[in-house]
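> Single-letter residue listing:
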Amino acid sequence: MSVRYTKDHEYIRIEGDTGVVGITDYAQGQLGDVVFVELPEVGKRVGKGEQAAVVESVKAASEVYAPVSGEVVEVNSALEGAPATVNEDATGNGWFLKVKLANAGELDSLMDEAAYKAYCDSL
Amino acid sequence: MLNNQGRPTNPGEAGAQAPKTFTSNRALQMEEALIFEIGRPDTSGVDIDEPEAFTQRLGALERKGEIGLPGLSEPETLRHYVRLSQKNYSIDAGLYPLGSCTMKHNPRLNERMARLPGFADVHPLQPQSTVQGAIEVIEGVAHWLMELTGTKAVAMSPKAGAHGEACGMMAIKAAIAARGEAATRRVVLVPDSAHGTNPATAALIGFSVKAIPVGPEGKVHVEDVRALLGPDVAAIMLTNPNTCGLFETQISEIAKAVHDAGAYFYCDGANFNAIVGKARPGDLGVDAMHINLHKTFSTPHGGGGPGAGPVVLSDRLAPFAPVPFVVREGTNLRLVEDEAGTQAFGRMTAFHGQMGMFIRALSYMLSHGSDGLRQASEDAVLSANYIRASLADLMSLPFGNRPCMHEVLFDDEWLKGTGVTTLDFAKAMIDEGYHPMTVYFPLVVHGAMLIEPTESESLASVDLFIATLRDLAFSVQRGDTERFSGAPYFAPRRRLDETKAARNPVLRWTKPAPILKAAE
Amino acid sequence: MRYLPLTEEDRSLMLARIGVSKVDDLFVDIPADKLLSKNVDLPRAKSEMEVERILSRMAAKNATASTVPFFVGAGSYKHHVPASVDHLIQRSEFLTSYTPYQPEIAQGTLQYLFEFQTQVAALTGMDVANASMYDGSTGCGEAVLMAHRVTKRRKAVLSGGLHPHYADVVRTLSKMAEDDVVTLPADAGATEDLLASIDSSVSCVVVQNPDVFGNLRDLSPIAEKCHANGALLIAVFTEAVSLGLVKPPGEMGADIVVGEGQSIGNPLTFGGPYVGLFATRQKYVRQMPGRLCGETVDAEGRRGFVLTLSTREQHIRRDKATSNICTNAGLCSLAFTIHMTLLGEAGLRRLARVNHANACKLADALAGVKGVEVLNKSFFNEFTIRVAGDAAQVVEKMASAGVLGGVPASRLLPADAALRDLLIVANTEVNTDEDRAAFVDALRAAL
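Protein chains in written order, with the numbering used here: chain A, 1 to 123; chain B, 1 to 520; chain C, 1 to 447.
To be clear, the hints were calculated from the coordinates, so they are not data collected in a lab.
Keep in mind that a hint or two might mislead.
Taking lysine-lysine pairs in the DSSO-like style, the calculated list, with each CA pair at most 27 Å apart, reads [said to hold, decoys possible]:
1) B:210 to C:175
2) C:320 to C:155
3) C:225 to C:377
4) C:152 to A:44
5) C:283 to A:59
6) C:283 to B:500
7) A:48 to A:7
8) A:117 to A:7
Examples of chain A residues lying across from chain B (beta carbon under 8 Å, computed) [said to hold, decoys possible]:
9) 33
10) 36
11) 54
12) 58
13) 83
Built from N, CA and C at the ideal position, the CB exists for glycine as well.
Chain A on its own, in the form it takes in the complex (with noise of 0.2 Å):
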């Protein structure tokens, strides 16, 4: 199973031609508690580093880009009713929608896990 991460701290993980796409631990401690996700259509297509959904703390709301392009499959719907499940499992049950990969060769510009670490830490 592979994962990768953007710089605006969405995570991809990757199976089989989907990617399971949320936003990265680091991520929702930043943000703080997480009161509400806006998702987007399923069968919607994004293209790379475009906006898919919106995720929302008390006092911020933020864009969360695409890692790569493609069809969006599935949402999470749940985080509508329970949005404390990305502050608690943010790479887990946290997970925000599955695209449909339109191109692959995309992932090779987003960083590994080791890659993210350091970037984080640089922050």
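Following the hints, complete the assembly by docking chains B and C onto the known chain A.
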């Protein structure tokens, strides 16, 4: 006489820990239920006789069923709202140092004037011949605003600052359209330090927003503006004095660069109180600027409104001002309400604007006069600088210890590693009997604390405020974090759970479900 | 200067502490050639007595509603406001407090906002209401923008019964935002075919009830057609008292309800400040403009209130906010909620019935005047009459005779020649039988 009633006359053990009370009240701090919990649908505090029998003409649209509105008698009503009022901080009760909000004294003469029946009891659509005095008030405020800003036109109808911003930006969009450049000039430049209404307004009017970086000394540089200017730029929106409490030194150069590029200069006038009678925005190249009458000209904030946001306009934008506007025809004043035959871009609101606020503002202007207005600005700036000079050794100034305008900005550099945050510090001020300063704004500095004392404070009041902040700062240094982490301790409420409020919004009262006994 | 506490001695001391010699040393950032060296050319300071004299003279030039037979409405209504309302809103803690950003010391404001939101939701028959807009007209503009966000369409249809100023506000906003607006022709008889304008390109339909000519309109079929086409129904009212007697928009399928709340608690004041009421369905709450107050608990578990869902608002969302509104109608919403609490359900219903009964009496009296025709089949406290002649001139003549007898439709719609003989007449609880008789006499004389 002997004290033979047995009445103790010294406090005795009164210093002991306070017990819990039966009512949850704490002497003058009264708990108060919601009207829905204390009112009854059949009670009324207004005596109205039933009409004699008549035939309704409502078609088939009569309201049936319960509305859900509780009523209270007059004494119960008074008690409810008086108790609620006692849970609020106010200017009348203490120094209110909210930066960029200008919480100055609200003269009560203004309230009396606004309640004269000749103003409060006239309808906006009466024949204009019957409201000449009301139109004279609008003209009067307009005259003062134009003189004080060095401009030749003003749109009076906007209802608050953000509404004024929208009005000014609409005038700009109309002027650009009149030049045939509506399709190309689509960008508005806004500094990172701007109030959120600026980018929100630009977006509302269909512009896209480009951010101007703020320089290391808290100001916008003309080179940074030039780098962004081009044939696609419609306007710049600049707050001056800015939200860091500083006057934009390069304002004239910025205005010239903007005009040379064919764009307009919108100035956010939220901080006009620093420069009334000292400098005129019209002289600085401003094309449009809203004026918050509820800040600079003392109309009460009223717990969040109503405000008023007239917009002064340069000659280039004046023709596009919205209806209504006042014209003088001999001794007669006329409100032009119809766009036909004018270049007006449209209408901002029903009727003629915030008349009640105009009366209060005119009362304030007449009271101060040109000399008093200038003195007020000088005093406001003096007090802010006095606070800066008195706290600079303990708290951190992000842009150096140099003159500010009517508000002084600190950041949280001095709190680093102490375990105390800007929010904690603000909440501890509440226990000391002060409303906190503006916190976490502007966004360009970390943990911002923006203090605006206004001209309404005596030296003794400002000195006590400074002494209080110094005492709090010493507590931080000593590591007395408890004073902060749990604060406020003495307010009507402790810190409130905003996460809970946002995760499960409860935005109205609903009748509690009846408690059901377990069915056998 | 009575409002400035600092003395010359204080100022010197303060300058010394700062370390400058004169106050202009603090204004060094203003370009030297732009710094004014003397007072602006305006009058000098005046005593309280002098200011009162000047403003009282201006006030005395206006004809006041309470001193004449008064029948002017069309979006702003003369009602009796109990004395305690004005007393309470002048409490320092309400009058001179800011937006409740520090909830621990603003529970008074926050609790009345929560009560206000609940009252407005109940009154309109909707799920949730916000903490107020500037007024009904700007609320109407915001409602259209909200409908565009919800439906992701950009075309509004405005009924010909919508107050022309409200329509102007919507058109102005829409022109600037480059959205489409279809405005139906002025519809004094409430006979327009709105349904024909609704298709799947429409974002929202805006209908006023009672409309600007006073007619009552059944919104249910319009709501049905809107919903079948994926559009929203925005219901508007300018007379809040009507909701004590008339079926609320929430029961007729409205998705957003906006209205003017001036009628309850607030004086005429020549058109402002007023208070915009804004309510909608629960599912659209995150698309709402304006402040929202919500219930929560404090650190000791006690009930308390805070401003919430703020990520919709400009101070957080900036150019992606649902609206640019910041300051709203605070104190006017307090006046509204106090007056509503005093009235209660029973009082509001009685007040509404008295208004309707008085208007029925006046309509009957006017129908008996030669040259006058009452147009409305149904109405609440306002209706439209056709007079023989130019209604604006008739109103001027009546004004000279000391009667303020309504709003000529041409004042609101000057371009529409067909409306020149129409007069919009309001009649509330303040009007007596003598007032109505004086109106009838003055109208007869003016025709």
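> All hints are to be evaluated individually against the structure, with a verdict given for each.
Against the structure, the hints come out as follows:
With a CA separation close to 22 Å, the supplied pair residue 210 of chain B and residue 175 of chain C stays within the 27 Å bound. A distance of roughly 20 Å separates the Cα atoms of residue 320 of chain C and residue 155 of chain C; the hinted pair therefore holds under the 27 Å criterion. Simply put, residue 225 of chain C and residue 377 of chain C have alpha-carbon atoms about 24 Å apart, close enough for the 27 Å limit, and the pair holds. Taken as a hint, the residue 152 of chain C and residue 44 of chain A pair is honoured in the structure, with Cα atoms around 15 Å apart against an allowance of 27 Å.
Simply put, residue 283 of chain C and residue 59 of chain A have alpha-carbon atoms about 22 Å apart, close enough for the 27 Å limit, and the pair holds. Note on residue 283 of chain C and residue 500 of chain B: the hinted pairing holds, with a Cα-Cα distance of about 19 Å set against a maximum of 27 Å. Taking the CA atoms of residue 48 of chain A and residue 7 of chain A, the gap is about 13 Å. The hint holds against a cut of 27 Å. Annotation: proposed proximity of residue 117 of chain A to residue 7 of chain A holds, straight-line Cα distance about 11 Å (limit 27 Å).
The beta carbon of residue 33 of chain A is positioned within 8 Å of a beta carbon in chain B (closest approach about 4 Å), and the interface hint is therefore held. Checking residue 36 of chain A against chain B by beta carbon gives a least distance of about 7 Å; that is within 8 Å, so the hint holds. Given the 8 Å rule on beta carbons, the hint for residue 54 of chain A is violated: about 14 Å separates it from the nearest Cβ of chain B. The interface hint given for residue 58 of chain A is met, as the beta carbon of that residue sits about 5 Å from the closest beta carbon of chain B, less than 8 Å.
A cut of 8 Å between beta carbons decides the hint on residue 83 of chain A: the least distance to chain B is about 6 Å, and the hint holds.
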